Amino acid sequence: MYTKSQFSHDHIVDNFNDVKERIKLAAESVGRSAADITLIVVTKTFDMKEILPIVECGHIDYGENRVQEAQQKWADVKINNPEINLHLIGHLQTNKARAALGIFDSIHTLDSKKIITEIAKNINKPSSVTKEFFIEINLGDEPQKYGLSQDEIPILLEDRTQIEKIGINGLMCIPPFDEEPSPYFALLNKIANKFGMKYLSMGMSSDFEKAIQFGATHVRVGSEIFGSRT
Numbered sequence: 022m023y024t025k026s027q028f029s030h031d032h033i034v035d036n037f038n039d040v041k042e043r044i045k046l047a048a049e050s051v052g053r054s055a056a057d058i059t060l061i062v063v064t065k066t067f068d069m070k071e072i073l074p075i076v077e078c079g080h081i082d083y084g085e086n087r088v089q090e091a092q093q094k095w096a097d098v099k100i101n102n103p104e105i106n107l108h109l110i111g112h113l114q115t116n117k118a119r120a121a122l123g124i125f126d127s128i129h130t131l132d133s134k135k136i137i138t139e140i141a142k143n144i145n146k147p148s149s150v151t152k153e154f155f156i157e158i159n160l161g162d163e164p165q166k167y168g169l170s171q172d173e174i175p176i177l178l179e180d181r182t183q184i185e186k187i188g189i190n191g192l193m194c195i196p197p198f199d200e201e202p203s204p205y206f207a208l209l210n211k212i213a214n215k216f217g218m219k220y221l222s223m224g225m226s227s228d229f230e231k232a233i234q235f236g237a238t239h240v241r242v243g244s245e246i247f248g249s250r251t
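To get the working numbering, take the position in the sequence shown, counting from 1, and add 21.
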């Protein structure tokens with residue numbers, strides 16, 4: 022059973038436009054262009070009826086947490102809207118890697134050498150559509166979260182073989198919930214520069230404007246548009 026938004030469809034569209042305006046203002050505050058920032062509308066758990074008003078606005082980037090949910094919700098919609106890009110922003114199990122490559126245009130949550138190896142084994146399958154990959158880093162070293170620890174980053178990123186085979190060119194993080202996010206955004210930017218990573222997936226509903234000020238190229242916003250998930 023999917024979630025129904027607490028807002029009307031008109032309100033959802035208003036929220037969406039408000040987020041876009043806030044992205045523009047945040048970018049301009051640090052001399053950046055909003056055109057360089059991808060807004061990923063996080064649609065996990067929400068019914069497609071709640072999402073279609075945004076699709077009808079012409080927006081193309083959407084985030085889902087689970088492979089099966091994305092297949093069920095988006096397969097038919099993508100046939101009619103082939104320009105849509107689906108982003109996997111939830112943990113990816115190795116046994117779902119091949120299926121994920123068949124539905125997601127971008128995967129933000131490569132969090133171990135094991136999953137990267139599995140992706141590399143399947144990346145050239147005819148069914149694969151994924152064009153963009155991010156490594157998830159657990160900058161707060163929180164045991165309940167997925168992602169590479171800071172100590173693991175050099176070990177993985179200095180081995181260019183798998184990275185170049187897959188085409189990994191981004192980093193992703195979720196700062197600790199109860200801490201100021203800015204130092205974590207700054208640190209991810211520093212790591213990206215050190216290892217030549219082009220994209221930074223960081224910032225959610227509560228902190229996307231700060232993330233943009235620290236170099237985010239992809240922000241993931243859901244509750245500011247659809248409301249809380251009940």
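For the record, the hints were derived by calculation from the structure and aren't laboratory data.
Quick caveat: nothing in here was measured; it's all calculated off a predicted structure.
Beta carbons: idealized from backbone N, C-alpha and C, even for Gly.
Don't take every hint at face value.
What the hints assert, rightly or not - List of simulated lysine to aspartate or glutamate pairs, DMTMM-like, C-alpha gap at most 25 Å:
id, residue 1, residue 2
1, K146, E90
2, K142, D57
3, K215, D180
4, K99, D31
5, K70, D39
As the list claims (entries may be wrong) - If you anchor each label on the Cβ, the simulated ranges turn out as follows:
id, residue 1, residue 2, range
6, Q27, D97, 18 to 28 Å
7, S227, Q92, 28 to 38 Å
8, N101, D39, 26 to 36 Å
9, K211, P147, 30 to 40 Å
10, D172, M69, 36 to 46 Å
11, D172, G79, 17 to 27 Å
12, E173, K117, 20 to 30 Å
13, S170, K117, 19 to 29 Å
14, D180, K211, 33 to 43 Å
15, K152, S244, 23 to 33 Å
16, F28, G79, 28 to 38 Å
17, D31, P147, 36 to 46 Å
18, S203, D172, 17 to 27 Å
Is it true that the CA of K215 sits at most 25 Å from the CA of D180? holds (14 Å)
25 Å Cα cutoff - pair K142, D57: At roughly 31 Å apart (the allowed maximum being 25 Å), D57 and K142 break the hint.
The hint says 20 to 30 Å between E173 and K117; measuring C-beta to C-beta, is that right? holds (22 Å)
Do the Cβ positions of S170 and K117 conform to the proposed distance bound of 19 to 29 Å? holds (23 Å)
Holds or violated: the 36 to 46 Å window for the beta-carbon distance between D31 and P147? holds (42 Å)
Range agreement (Cβ of D97 with Cβ of Q27, hint 18 to 28 Å): Holds, at about 26 Å.
Between D172 and G79, is the Cβ distance one that fits in 17 to 27 Å? violated (43 Å)
Using the C-beta atoms of S227 and Q92, is the stated range 28 to 38 Å upheld? holds (29 Å)
Does the Cβ distance between K211 and P147 fall inside 30 to 40 Å? Roughly 39 Å apart at Cβ, these two residues keep to the hinted range, so it holds.
Would you check the hint for K70 and D39, treating anything up to 25 Å between C-alpha atoms as holding? Holds, at about 20 Å.
Measuring from beta carbon to beta carbon, are D172 and M69 in 36 to 46 Å? Holds, since D172 and M69 (Cβ atoms, about 41 Å apart) stay within the stated range.
Is 23 to 33 Å right for how far apart the beta carbons of K152 and S244 are? 27 Å Cβ-Cβ, so the 23 to 33 Å window holds.
Going down the numbered hints, you'll see the structure goes against 2, 11, 14, 16, while the others check out.
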